[in-house]
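**Q** Using the sequences provided together with the hints, build the complete structure.
Protein chains: 2
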Amino acid sequence: MAKEKKLVESITSMNEDFAQWYTDVVKKAELVEYSSVKGCMIIRPYGYAIWENIQKELDRRFKETGVENVYMPMFIPESLLQKEKDHVEGFAPEVAWVTHGGLEPLQERMCVRPTSETLFCDFYSNIIHSYRDLPKLYNQWCSVCRWEKTTRPFLRTTEFLWQEGHTAHATQEEAEARTEQMLNVYADFCEQELAIPMIKGRKTDKEKFAGAESTYTIEALMHDGKALQSGTSHNFGDGFARAFDIQYTDKDNQLQYVHQTSWGLSTRIMGAIIMVHGDDSGLVLPPRIAPTQVMIIPIAQHKEGVLEKAEEIRGKLGAFRVKVDDSDKSPGWKFSEQEMRGIPMRVEIGPKDIEANQAVLVRRDTREKIVVSLDEIAEKTGELLETIQKDMYTRAKAHRDSHTSTAVTYEEFKQAIAEKPGFVKAMWCGDRACEDKIKEDTTATSRCMPFEQEHLADTCVCCGKPAKAMVYWGKAY
Amino acid sequence: MAKEKKLVESITSMNEDFAQWYTDVVKKAELVEYSSVKGCMIIRPYGYAIWENIQKELDRRFKETGVENVYMPMFIPESLLQKEKDHVEGFAPEVAWVTHGGLEPLQERMCVRPTSETLFCDFYSNIIHSYRDLPKLYNQWCSVCRWEKTTRPFLRTTEFLWQEGHTAHATQEEAEARTEQMLNVYADFCEQELAIPMIKGRKTDKEKFAGAESTYTIEALMHDGKALQSGTSHNFGDGFARAFDIQYTDKDNQLQYVHQTSWGLSTRIMGAIIMVHGDDSGLVLPPRIAPTQVMIIPIAQHKEGVLEKAEEIRGKLGAFRVKVDDSDKSPGWKFSEQEMRGIPMRVEIGPKDIEANQAVLVRRDTREKIVVSLDEIAEKTGELLETIQKDMYTRAKAHRDSHTSTAVTYEEFKQAIAEKPGFVKAMWCGDRACEDKIKEDTTATSRCMPFEQEHLADTCVCCGKPAKAMVYWGKAY
Numbered sequence: 001m002a003k004e005k006k007l008v009e010s011i012t013s014m015n016e017d018f019a020q021w022y023t024d025v026v027k028k029a030e031l032v033e034y035s036s037v038k039g040c041m042i043i044r045p046y047g048y049a050i051w052e053n054i055q056k057e058l059d060r061r062f063k064e065t066g067v068e069n070v071y072m073p074m075f076i077p078e079s080l081l082q083k084e085k086d087h088v089e090g091f092a093p094e095v096a097w098v099t100h101g102g103l104e105p106l107q108e109r110m111c112v113r114p115t116s117e118t119l120f121c122d123f124y125s126n127i128i129h130s131y132r133d134l135p136k137l138y139n140q141w142c143s144v145c146r147w148e149k150t151t152r153p154f155l156r157t158t159e160f161l162w163q164e165g166h167t168a169h170a171t172q173e174e175a176e177a178r179t180e181q182m183l184n185v186y187a188d189f190c191e192q193e194l195a196i197p198m199i200k201g202r203k204t205d206k207e208k209f210a211g212a213e214s215t216y217t218i219e220a221l222m223h224d225g226k227a228l229q230s231g232t233s234h235n236f237g238d239g240f241a242r243a244f245d246i247q248y249t250d251k252d253n254q255l256q257y258v259h260q261t262s263w264g265l266s267t268r269i270m271g272a273i274i275m276v277h278g279d280d281s282g283l284v285l286p287p288r289i290a291p292t293q294v295m296i297i298p299i300a301q302h303k304e305g306v307l308e309k310a311e312e313i314r315g316k317l318g319a320f321r322v323k324v325d326d327s328d329k330s331p332g333w334k335f336s337e338q339e340m341r342g343i344p345m346r347v348e349i350g351p352k353d354i355e356a357n358q359a360v361l362v363r364r365d366t367r368e369k370i371v372v373s374l375d376e377i378a379e380k381t382g383e384l385l386e387t388i389q390k391d392m393y394t395r396a397k398a399h400r401d402s403h404t405s406t407a408v409t410y411e412e413f414k415q416a417i418a419e420k421p422g423f424v425k426a427m428w429c430g431d432r433a434c435e436d437k438i439k440e441d442t443t444a445t446s447r448c449m450p451f452e453q454e455h456l457a458d459t460c461v462c463c464g465k466p467a468k469a470m471v472y473w474g475k476a477y
Numbered sequence: 001m002a003k004e005k006k007l008v009e010s011i012t013s014m015n016e017d018f019a020q021w022y023t024d025v026v027k028k029a030e031l032v033e034y035s036s037v038k039g040c041m042i043i044r045p046y047g048y049a050i051w052e053n054i055q056k057e058l059d060r061r062f063k064e065t066g067v068e069n070v071y072m073p074m075f076i077p078e079s080l081l082q083k084e085k086d087h088v089e090g091f092a093p094e095v096a097w098v099t100h101g102g103l104e105p106l107q108e109r110m111c112v113r114p115t116s117e118t119l120f121c122d123f124y125s126n127i128i129h130s131y132r133d134l135p136k137l138y139n140q141w142c143s144v145c146r147w148e149k150t151t152r153p154f155l156r157t158t159e160f161l162w163q164e165g166h167t168a169h170a171t172q173e174e175a176e177a178r179t180e181q182m183l184n185v186y187a188d189f190c191e192q193e194l195a196i197p198m199i200k201g202r203k204t205d206k207e208k209f210a211g212a213e214s215t216y217t218i219e220a221l222m223h224d225g226k227a228l229q230s231g232t233s234h235n236f237g238d239g240f241a242r243a244f245d246i247q248y249t250d251k252d253n254q255l256q257y258v259h260q261t262s263w264g265l266s267t268r269i270m271g272a273i274i275m276v277h278g279d280d281s282g283l284v285l286p287p288r289i290a291p292t293q294v295m296i297i298p299i300a301q302h303k304e305g306v307l308e309k310a311e312e313i314r315g316k317l318g319a320f321r322v323k324v325d326d327s328d329k330s331p332g333w334k335f336s337e338q339e340m341r342g343i344p345m346r347v348e349i350g351p352k353d354i355e356a357n358q359a360v361l362v363r364r365d366t367r368e369k370i371v372v373s374l375d376e377i378a379e380k381t382g383e384l385l386e387t388i389q390k391d392m393y394t395r396a397k398a399h400r401d402s403h404t405s406t407a408v409t410y411e412e413f414k415q416a417i418a419e420k421p422g423f424v425k426a427m428w429c430g431d432r433a434c435e436d437k438i439k440e441d442t443t444a445t446s447r448c449m450p451f452e453q454e455h456l457a458d459t460c461v462c463c464g465k466p467a468k469a470m471v472y473w474g475k476a477y
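Top line first, the protein sequences correspond to chains A and B.
Each residue of the first sequence is one higher than the one before, counting from 1 in our numbering.
Each residue of the second sequence is one higher than the one before, counting from 1 in our numbering.
Think of the hints as simulated: they come from the structure by calculation, not from any bench.
Some clues are possibly wrong.
Because identical chains cannot be distinguished in the list, a pair is counted as satisfied if it fits within a single copy or across any two copies.
[Stated by the list, open to error] With a straight-line Cα cutoff of 25 Å, these simulated SDA-like cross-link-like pairs (lysine to any residue) come out:
id: 1; residue 1: 28; residue 2: 248
id: 2; residue 1: 38; residue 2: 109
id: 3; residue 1: 38; residue 2: 105
id: 4; residue 1: 200; residue 2: 420
id: 5; residue 1: 56; residue 2: 45
id: 6; residue 1: 27; residue 2: 245
id: 7; residue 1: 85; residue 2: 108
id: 8; residue 1: 56; residue 2: 140
**A** Below you can see the structure in the form of structure tokens.
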């Protein structure tokens, strides 16, 4: 029993030290391991299995909208990176430079891609000639590299995994529609699969992507009240097309510039899953994305028939991702491990249960125990997993709503940021000066101008000038 | 018709110039596009869709043997790369070096991974402590970088995609069994899915992997008689474990070094698919791996009911990967395009066919036309795709066998290499000097010592000393 207790105790309490809790969970649930490569993490099998489930489902949703996958080079020659002025200013300070190939110095140094707009533009300028070649709806799954001074697993690492979609369209309207469509794909995916409610909105000019005309974002609220930007979708207009000379001949035989978008979601989303749903016992995974949905744990497994019954139940639950823990550890230890790894549900089955033709289902999220007949265990498991998925979303949404406040005056605003962890909704004049002042005074940043606007007041919460938009503000990862 | 003819003519004939034929096919079938990054290729949607099918099936086969996926950093600090002497000697001359991160020079330069043995060893030394932690059966799908002077799409590029499996075991026997198991996974995959027969064997010391105790290989024969190394599996013994201090406590509480393996298959295999099965009209894809298995091409599609019937047939063929080409191009152009892209089968459906309640199935590999009733088109399509898959393998094997000769004297050997493109089987004394001499005299290299040994003579084909093994020799990509 001492060992079992220690296992649970080894996670720091969230309320005591949220950052340490996070580090404990990613390490002890074996999601990642630190590497001897500065700022880079190793994604271990359990962490990678979650990412594979995310990839599979997101990729399916992309392809449903006509997107095709490609693979682009991992290097960008310096001259190519420099073609779009805002873009290079945004990324040059944080890239890794390759200067030698084999034993010889390169004539031109190349960076390891921090993102691939410039490569896609170069590619598109070669393959787009006529309106018949449009639209191009390409995506790639790859790793990218941005040099970071301080790093945290999933949230901020020098190298991370993501997908980056890059599209080219005949008209600005089509590009705008695609930008919004992909933001909706992200939001739907996060809400339906990850059980994380999202605020959808537009970034201010200060916070938008380097080179974009407009950036849309989905923002989630973590358990500690900090925001996490979870996916972005950018409309580039024809800015990159002009810099890279991507032109097509339209139906009237006139040369036109294409209009482009890009959109990305990364392993950062794993941080959101952990910080939205986790608790003091560890990870809590939404059933739809969990590598293992059900862990069957035999009680007194040395007794005759117990392991056989556990296997029989596994057979009955063949429609789910299910495992039997028949290791030589104690049931208590197995419960702790199943909880730490966030497996949504366990089935406890022992001699007394077998006698009564029943088993005990235990929810990871609420710890509620439900006794079910073995005759209907498959049906009940299916129902319970759906209930867990739904309840996790509802709880996350309730947490977000109860951690969202409204401020009309600057005093209210500062007090809300200081005292109530969460989003603060407030009006904004549209000037960057107010964003800068708010950040300096409170460390909060504008998260987005939500699509669902509310009229809270006539004037900017900071300067008192006429307001242009309601903004979600918050401290962010 | 002029345009249609040109489409076909735009591929150089294989017999005229095989290298140009290859380049034409990869370009015109839109598998790759050259990039402005030296030595790197862009894998276009059609090429990437083939790679995705390869990944999906190979990944399934790996997981069936207990393998789990992980993701490791893309960078290797120089000191880590240098830990195993043979390994660094093999790879240091061909890696890309990162010397600057952001605006500052790095304290220690890092290479972009050419392969990840050193990273996995570093990882394993942290997570393996006890015999309970073994075996570790990890794999990753990623890109790697090896600086190449001359490059060709898929066959030799500075960056390429692959999977690399890395395992750690308690005993040498277990490591050896895993090395052979994974070679068999590769061979079975290539034969069953890609319809490419493989020679399985062991590399000579000269040709083995840098740092390996033994390297096993699968070797395929291309249409031009040159060999292509298609996948390798290495047994490292405890060499890396000693260099990286990867020890575990065994059941008797004694410290032991682990025994390791690694195994890899890359986008190079796409080159094999092209060069084993392709013909003068372009690509010929094995049905099991083809992104589109059946292309339905309507004839006189402007006539009433034709497009509707094409769609109806698509519905009937729902069990296959099927498309309708309803573009405004002519049927002849569509046939050419379907052939160039190697789509295994097409269905021609026109007004007369509809009247007779039939359709014409045309095999890509033999061009044979088969008239079938629409009532049994699904059944016939399934049978035909299986027949095509089987026949493609049989033809490839017949080609290989008819391009494999035997040499007992050195004169016979030199003549065979010079005059009969293909493998030459000959005895070898085991000395590197003979391999070097053979390479100098003929440019042929030892491909492998096949598992299926034959006794062709008592003496080495080159020096006349007693022979130790029969070797497959050949010119290689």
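**Q** Please go over all the hints and tell whether each is borne out by the structure.
**A** Hint by hint, here is what the structure shows:
1. Proximity of residue 28 and residue 248 under a CA criterion of 25 Å is satisfied inter-copy only: 21 Å between copies versus 54 Å inside one chain copy.
2. When the C-alpha separation of residue 38 and residue 109 is checked against a cutoff of 25 Å, the pair qualifies both within a copy, at 22 Å, and between copies, at 11 Å.
3. In the homo-oligomer, the alpha carbons of residue 38 and residue 105 lie at most 25 Å apart both inside one protomer (24 Å) and across protomers (14 Å), since each shortest distance falls under that limit.
4. Proximity of residue 200 and residue 420 under a CA criterion of 25 Å is satisfied intra-copy only: 22 Å inside one chain copy versus 67 Å between copies.
5. Both within a single protomer and between protomers do residue 56 and residue 45 lie at most 25 Å apart by alpha-carbon distance, with minima of 16 Å and 17 Å respectively.
6. Taking identical chains as interchangeable, the C-alpha atoms of residue 27 and residue 245 lie at most 25 Å apart only when they sit on different chains, with a minimum of 23 Å there against 47 Å within one chain.
7. In this assembly of identical chains, residue 85 and residue 108 lie within 25 Å of each other by CA distance solely inside one copy; the values are 19 Å within and 31 Å between copies.
8. With identical chains, the CA atoms of residue 56 and residue 140 are at most 25 Å apart both within one copy (13 Å) and between copies (16 Å).
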